Amino acid sequence: MTLTSVRAALAGKRILLLGGSGFLGKVWLAHLLETVPDVGRVDVVLRGARGRASAADARRRWVALLERSPAFHPLHDRHGPALGAWLASRVRPVPGDVARPGCGLADGEDPDVDLVVNLAGVTGLDPDPRAALAVNADGAVHALEVARRAGAALLHVSTAYVAGDRLGRIPETLHPDYAPRRGERPDLEFSARREVDDLRRLLARVAEDADTQRTRDVLAERARGRLEASGRRDTQAARDRFARRERDRWLREETGQAARERARHWGWPNAYVYTKSLGESLLLERRGAVPLAVARPTIVESALEFPFPGWKEGIHTSAPITFALTHGPLRGLWARGDLLLDVIPVDVVARGLTLVAAALVSGRHAREPGAYHLGAADRNPFPVRRVTELTNLAHRLAQGSGTPAARLLRPEAVVVGERGYRLRSLPAVRRLVRGGRAALSGLLRALPEVDGVERRVAEPAGPWPSAPASWSGAWTWSRRPSSCSGRSFAIRAACSRPRRRRTSPRV
Amino acid sequence: MIPSPRMTAGLATAAFLRVEETLLPRHAVRASLALATASPGLGERWGRLGALAAAAPLLAGLGVADRRLQARLCALHLRGLSADRVALLAPEAFAGLTAGDLRPGGLEVIERARRHGHRVVLVTSGLQEALAPVAAAAGADALVGGALELRDDAVTGRLLPPSLLAGPGAVAEFAAREGIELRGSYAYGSDLADLPLLGAVGFPCVVNPDWRLAREARLRGWPLLRVAGEVSA
Chain V
23 MTLTSVRAAL
33 AGKRILLLGG
43 SGFLGKVWLA
53 HLLETVPDVG
63 RVDVVLRGAR
73 GRASAADARR
83 RWVALLERSP
93 AFHPLHDRHG
103 PALGAWLASR
113 VRPVPGDVAR
123 PGCGLADGED
133 PDVDLVVNLA
143 GVTGLDPDPR
153 AALAVNADGA
163 VHALEVARRA
173 GAALLHVSTA
183 YVAGDRLGRI
193 PETLHPDYAP
203 RRGERPDLEF
213 SARREVDDLR
223 RLLARVAEDA
233 DTQRTRDVLA
243 ERARGRLEAS
253 GRRDTQAARD
263 RFARRERDRW
273 LREETGQAAR
283 ERARHWGWPN
293 AYVYTKSLGE
303 SLLLERRGAV
313 PLAVARPTIV
323 ESALEFPFPG
333 WKEGIHTSAP
343 ITFALTHGPL
353 RGLWARGDLL
363 LDVIPVDVVA
373 RGLTLVAAAL
383 VSGRHAREPG
393 AYHLGAADRN
403 PFPVRRVTEL
413 TNLAHRLAQG
423 SGTPAARLLR
433 PEAVVVGERG
443 YRLRSLPAVR
453 RLVRGGRAAL
463 SGLLRALPEV
473 DGVERRVAEP
483 AGPWPSAPAS
493 WSGAWTWSRR
503 PSSCSGRSFA
513 IRAACSRPRR
523 RRTSPRV
Chain Y
10 MIPSPRMTAG
20 LATAAFLRVE
30 ETLLPRHAVR
40 ASLALATASP
50 GLGERWGRLG
60 ALAAAAPLLA
70 GLGVADRRLQ
80 ARLCALHLRG
90 LSADRVALLA
100 PEAFAGLTAG
110 DLRPGGLEVI
120 ERARRHGHRV
130 VLVTSGLQEA
140 LAPVAAAAGA
150 DALVGGALEL
160 RDDAVTGRLL
170 PPSLLAGPGA
180 VAEFAAREGI
190 ELRGSYAYGS
200 DLADLPLLGA
210 VGFPCVVNPD
220 WRLAREARLR
230 GWPLLRVAGE
240 VSA
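The listed protein sequences correspond, in order, to chains V and Y.
Quick note: the first sequence uses my numbering, first residue 23, plus one each step.
Quick note: the second sequence uses my numbering, first residue 10, plus one each step.
No wet-lab data here; the hints were simulated from the structure.
Do not take every clue at face value.
Partial selection, computed: residues in chain V whose CB lies under 8 Å from chain Y [said to hold, decoys possible]:
| id | residue |
| --- | --- |
| 1 | V365 |
| 2 | E411 |
| 3 | L412 |
| 4 | P433 |
| 5 | V436 |
This structure is a prediction, so every number in the text was calculated from the model and none was measured.
Every residue, glycine too, gets a C-beta built ideally from N, C-alpha and C.
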């Protein structure tokens, strides 16, 4: 067996990158530029603000990404003020949109590339199915068509969870027209192309329903209620704005419900993996002679080393759970302690993708078409019990051991069963809050002369009283009444890291 | 009497010191107490602390009669803690400890060993992770400590001896690995478990020994050292 040099394989190669502005996309791009500086050129397809797709918009967005994202810190550190000039010959922002035919690239302009890397995806466990279908399924086909026109290979990034709700050993292979339920019933009739058409029709029907006379009336009634509860002035413009929001919310809920039901029927747990799997099947059906590899990472998590240990963008995947375990009322995590959470650091995934890309462009990938799973559970199993334990320990180490009294009384999260969860977590807190609110309301009713107090209690404003010390400087906190009648608080954490100096190209 | 160390040509020589009597008594209880206080969940935390409080008279008695049994009993109270918790929080037991908290007699031995160019190796049957701050405060080159037995990443409650005293040949193996010439080295032991170490070095010495080791020392003609002084730890 002869070894392939990754750097040699990718040296001089031209790459079209879709989804380069996402979490994984940015890390992969920065990691590629750091580890394979001889790469020929990377065309980063960017949408531009508010869906605009002019060359100037794409350039503006690229400069903003380069300046603001910590993913590019190692490149800033390595090249300093010369980074702009260094990147100018290697990276080119290109206006486009993976959800559009031909990825929205300029008409008649066939990209001159050797490899198309599709990292675009609408992620999350409950995405908007219209966007998920457009990006995860249709977007895959658009990327394939671009690769075909360019005579390039395609590296498509999917997810390991396309396997769906199945038990036992599942081979790392790509199956045309795959549906998890076919594992139990191989004779089941399922066509991915037909499923995509059916889903599109279903979503269109829901959208039509949003404009029927009855639904409009129901939504207008709800919008009026929300406008009243918000305390804003009742003007025509405000009514229209609230009505639009109500329609969007209704559409999001109804289409989400429809897509979830459909996904579960075929054995996928949610619309994200359902649409990703449909995208894979469509690629297999239509790929023809295009060299194709599909990478399937598991849960992409914080960086191990690159750009720096622990970095993660935003609060996604397991971050909300760990945050709630240490700061919120969720002290009992309802789960099976021995269940494996297959998380993998984003930079490890980026390294894996670079390896697959090198194998693909040099014709050395394992199978045709190849599926590469990027996970960690087989080598480094991470049970939920340990997730909880390490979350507790990290929080404790960040906060310090504290006073003896604090050490004795400090609450920690634990893995619990259903009964434990109901007794000590959100349901218990909710009961407590309801009881407290009822008691407070009774007290306020007994003081009728104090006008307006009840309202202020229900809708607090002002700074959050006790932002965690460990977040000071890096985060700002605010609380605002939720849009639904001031019954609960919504926490908004906005990242306010100082911007890096400008070293990217002036465009 | 403190034996005078001497330089040996060739391989490095070392002074092995048992932490328990030369530097810091009663650390097993303190480490267990710290880890029990750091248990996850209020119920488990208070349960462990209650059990330790109930066993306090027994532990105090064993501190005089049988320190090994005391250490084992302390380890039993840590059963079920995760390996991560022990590794990360055990150093909290002696965090902030300084040389002033250690026995001056032991520090003097270390100082003399250093002056004569010996490597200072601390030996303890207590938890290696917990006693790392002690080694740092004493200015030791290495610490060889005991460990809690783990099964499925959780503490079983059994205390494993330090690798240096783990069985026949362990001392020679350690010396070969670390490039230490045993014939020119010193050992200051206080427990019968130190017998293989004391027998292997050229200059053995017993410090505040228990009655069994004191008897062996008399039979073999080893010098006996009394290190006094209460320490704050």
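Comparing the hints with the structure gives:
{"no.": "1", "hint": "V365", "result": "violated, 16 Å"}
{"no.": "2", "hint": "E411", "result": "holds, 5 Å"}
{"no.": "3", "hint": "L412", "result": "holds, 6 Å"}
{"no.": "4", "hint": "P433", "result": "holds, 7 Å"}
{"no.": "5", "hint": "V436", "result": "holds, 5 Å"}
Violated hint: 1 only; the structure is consistent with all others.
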